[in-house]
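Protein chains: 2
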Amino acid sequence: MSVSEKLDSFFKPSSIAIIGASQNLDSISGRPMKYLRMHGYKGEVYPINPKYQEIGGYKCYGSLKDTPVVPELVMIIIRAELVITFLKECVTRGCKNIIIVSSGFAENSPEGKLMQAEIQELARENGLLICGPNSQGMANLKEGVTATFSAAMEMENLSVGPLGFASQSGAFGYSTFCLGQDEKIGFTYIVATGNEAGVGLLDFMEFMLRDPDVRMVAGYAEGIRDGNQFKQVAELSLQQSKPVMLMKVGRSEVGKRAAMSHTAALAGNDRIFDGICRQYGVLRADNIYDIFDASKLFFQFKKLPDGKRVAIVSTSGGAGVMMVDKCVELGLEVPEFPDTTRENLARVVPSLGTTQNPVDVSAQIISMPDAFKKAMRIILAQDCVDVLAILVTMAVGLRAEELAMDIAEVAATAEKPILVSWSVSRALAGEAFDVLDRAGIPTYKTPVQAANALKTVVTYSMFRKNRLERSQSTLHPSFQANAQRKASALKFIRENKDSLTEYECKQLLSLYGISVTREGVAESAREASEKAAEIGFPVALKISSPKIMHKSDVGGIRIGIAGAAEAEASYLEVVENVRRHYPGDDLNGVLVQEMISGGYEVILGAVNDPQFGPVVMFGLGGIYVEIYNDVSYRAAPISRQDALEMIGEVKGSAILRGARGKKKADIAALADTIAAFSEMIVELQDVFKEIDINPLLVLPEGEGVKVVDALVIARDL
Amino acid sequence: MSVSEKLDSFFKPSSIAIIGASQNLDSISGRPMKYLRMHGYKGEVYPINPKYQEIGGYKCYGSLKDTPVVPELVMIIIRAELVITFLKECVTRGCKNIIIVSSGFAENSPEGKLMQAEIQELARENGLLICGPNSQGMANLKEGVTATFSAAMEMENLSVGPLGFASQSGAFGYSTFCLGQDEKIGFTYIVATGNEAGVGLLDFMEFMLRDPDVRMVAGYAEGIRDGNQFKQVAELSLQQSKPVMLMKVGRSEVGKRAAMSHTAALAGNDRIFDGICRQYGVLRADNIYDIFDASKLFFQFKKLPDGKRVAIVSTSGGAGVMMVDKCVELGLEVPEFPDTTRENLARVVPSLGTTQNPVDVSAQIISMPDAFKKAMRIILAQDCVDVLAILVTMAVGLRAEELAMDIAEVAATAEKPILVSWSVSRALAGEAFDVLDRAGIPTYKTPVQAANALKTVVTYSMFRKNRLERSQSTLHPSFQANAQRKASALKFIRENKDSLTEYECKQLLSLYGISVTREGVAESAREASEKAAEIGFPVALKISSPKIMHKSDVGGIRIGIAGAAEAEASYLEVVENVRRHYPGDDLNGVLVQEMISGGYEVILGAVNDPQFGPVVMFGLGGIYVEIYNDVSYRAAPISRQDALEMIGEVKGSAILRGARGKKKADIAALADTIAAFSEMIVELQDVFKEIDINPLLVLPEGEGVKVVDALVIARDL
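The listed protein sequences derive, respectively, from chains A and B.
The opening position of the first sequence corresponds to residue -2 in the numbering used here, with each subsequent residue numbered one higher.
The opening position of the second sequence corresponds to residue -2 in the numbering used here, with each subsequent residue numbered one higher.
Don't read these hints as lab results, they were simulated from the structure.
Wrong hints could be hidden among the right ones.
No copy is singled out in the list; a pair is fine if it fits within one copy or between any two copies.
As the list claims (entries may be wrong) - Taking lysine-lysine pairs in the DSS-like style, the calculated list, with each CA pair at most 27 angstroms apart, reads:
hint : residue 1 : residue 2
1    : Lys544    : Lys660
2    : Lys659    : Lys648
3    : Lys660    : Lys548
4    : Lys548    : Lys659
5    : Lys228    : Lys85
6    : Lys659    : Lys544
7    : Lys31     : Lys9
8    : Lys686    : Lys544
9    : Lys305    : Lys452
10   : Lys659    : Lys413
11   : Lys462    : Lys300
12   : Lys661    : Lys548
Let the sequences and hints guide you as you build the complete structure.
So, in structure tokens, the structure goes:
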């Protein structure tokens, strides 16, 4: 049974023991009893403390071994130094599910780290399922299991619903829960993962994705420990049709530093993480409310939008324009309506309104029976519309209620999703909001908030659609490591591991079918001119030495060599220049290289990420890569189609597509090369640290690509 | 008296007549009476309608001439066709301040447009102050003047305070007001400007800036009609130390189209508008709540932050990291604390906390008397800190209240501003929130919201500081049009207005002291080689013809010409190539031009904006300008220092500063050139449409700049 399957018993225990229970029901070790009673937990509760007979109406036991049955879940809330002793009692008693609330472990001190290691060892040996230490516990709201001390549980009448939430920060996680409750977001589960000595964030998310009551899983993450498990969770999200949304902190360098000191979690490279989220369809939240705002659409839309084309109907032109601006900024489309549609709308839209998208039906429409419903139906019937956004401003009172009923009536039979932005105080239009709530129509306070939530849902919907439409082979590149090739590549790297020369790096790339410049190493002036003649003039000469990084700084490069005599002279010149800078150094000769004119410079890179393994990077050449940070990342291997998406994600790729009347570049060959490169870095993942192909020249359509320079940095083996 | 001075009487009338008043107090023409009574208006109210004796407790009059005194403000709420008749009655009666609520004018039809023009004419002739038509009216909350039909006034106990708000959308404006009331934001005034036949948005903003009760002015704008008035409003905002924040829609092309159809307002080029807002220190809002969130800091900070260095103290590590991420993303700084500070903090921060910024005091601190106050004081005393952000997560109940009191106590004597993000339901920590509210400490729900608001205020504060520190001469470039130069420039353009050749454009630039390539036009092969020798080889030859835009496409360019013979041959070649494409065309000869190597290509442009007049644009060369839209705009003229700011705003300028070990470019010369160019376009504003200097070559430090190519498009004169 996987960890996530075992979690069923953890989240739905028939009995709970609390080791270190206190009679002060407002203290950390007293609150669980208070909350379990308050939220109607139906199972047995066993406070464990030799000092008391009874706590909060529950019989108190002197020791874990005294409870009538073996508790299905145990909470440990005692001083850190005592935790291991009591954990051993759990083992003796046969308890399997344990929340260690106590703090003072790896997050705190070297001694704490040692104790945590011991806990991990105990768990492994005895098959314990441990949440924590330093965990604020969990709640299963449907069954009133509030195995937590968080004061968030002081809230009464908790909203129960389809959102599962796991957090690597206890305080912040329960804060989020609290704010979600204020927004009437229904939760199924919340869990604070603490130091994750046993069960980790991804295990909890996996469990929630499998739970039939959960329809969306959100997480607060400071670091992802296991890239492979992350991919599995994403895959499960896709299978289960349940979106996963993560609020991941530690994006900035200072933030990362702070996250490191806060927990042991690795913050990682955020750009890489972002690329992998796109690759696997995991959504990201910037602010807490992004989760709530998106969840409303996920829970209330009867179906997800088929595309990103938004029709907007507003009772105020201003709101319409604001929504359009935001939609366009976010990459949603606001299509123009055809003339026939506008003519149909003109029959129902009042004279002060407009009939083009965004349609301004004006406040007048409120007093015209059926006109608003007709307008909505005309718009929903358009082929060019995927989703309808209705923007209401100052409608209040009875008229607002009627308007809400009209919306609800149309939405009830509509085949496309509808959302509402209603910018008014609830105090003035409470009944209208109630009507929309009852009808399950998602409602926002401003057009900007509505557009942001819509963007998230459309991103998810389009990712899913794209995935489901794609063949298995492009989803999971049918990549088989080629044992022979791999062996020779590894041998090649190991033999030259100190550092490979440019020539060697390119030979390695050639092994994987990646096109490189024609070239050869010459060890004499004569040989240089012979090789140049073979390759064809003009050629470039470059000193070949693994030790010289900046060849041009030492006069180690000559370009545009047009003939044999020039080649010989240049050879001597280059060697002499370099000898002056590196006297006595072993030179590997001089690289004679074909010169290619035309084409666009791009960069391909690979990093061996500690969490996600081999990751491929693509960007346009030049220092713009650094200044605009306009690059995309994907976990390898990727298919040609993935590579095309990766290229498309880079803004500067517009150049490759022939911006401003320039020649189109061979994007197909580029995509094939990225895919081949991604396979290469999977085969070589045990030996490489970084690979840079810079520049890779993308030639005009049909002419392919060529690696002009490359650098492979091997791992310390 | 300026319009904005006259508005005092408009907003503070001692009597109000309502023409077209209805006895149905829930109808548009009945509500003003209801609201005036409800919100305690102390002046006289005169409903005008021959049908009734009394409306809502006010005596009703048959005609405007019957009222006991001349009403200081008149609201007209009748069918559009009747408006002019009643407006004439206003004139007869001597009324000066009029709100025309009626719609059906320029926003609606050509006939409406004519009527509106007539209204404008009447107003001009008789010195009327007209708000509208198509205006939802205004409210002066301090004096209960609710001269509006907006149902927003149904809210009871309106929050009165220092925010003035003017809106070009009635419905959306009052919606915003409503949502602000929910957030307890105190308003002084709100006005919906309608079609602005008389008083415009900027007039209202000017009035509010002058009003002593107002401390911040916000606006919803679809278009700015008068760029000069915009600059005056910004200048007034600076003088009065009152920030102006605008939510300007119509940023996207579709949005602009919709804004056009919605009102007659011009949406303009949003990038230009954005540059001018930066130039003049006007803040922009993306969402309604941005206004409220920023206003809390403006109203509650005792002083604005001196800089952008943020110290963060949190009770949860997670919240701290989130805040850091957002601050860094927004360009705020989270400075590292020196060791001595950390040692001092270590004495008061609990063992589970951390002492580096962001400081995690952990939830433990709540139970340690005085520790939190000590920690805050240590941090506030740091020189490297401009503002303190306190992040609280799950503190609730009595402990939360104590924590809030500690914060209030420290804030009371602190010399630096303090803000709080408290992520918990108000239901659990109501008393704590009340303590903070009473102490005037701005409070947000999440770290992200706190960081966004802080960014706005820091931007404003730094703009002010920068302005106040700058000398008058750099603030208002002492630019005097040079009459003689201007005359010759204008003559030059008029004589060649069809289109100027590259050579002529550069001559024009030279007039303004802008450095251009050495060059001359040759009309024979012989002359070409002579000029080349004069200039010095290598040279470039370019066909000189105002009609040929893409010279290289027709073989009209030869570069790298190294000697006399080559120059002669190239001359003949170029002329022949061009003759083939343009047989019989008048050629102006061939331009012989020095060739410059090295340096960075940048672009300088000028547009003659319909609202803001001559505007200068700066960006890096290459097609990256288009793809990344990495350009900055300023209204001309600008000083050298303005130009330096403009350069700094362009991300790609990192290259000019010597990124990646490249040579530093002559940024000083570039700034001087931009300033000179800005003066030129002011002098030429009546005759130019667009000017493009592309490329302008910025040479290494100390070597200046050179215009390599330029294009001047004259206006249709």
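**Asked** Of the numbered hints stated previously, which ones are contradicted by the structure, given in increasing order?
**Response** 5 and 10
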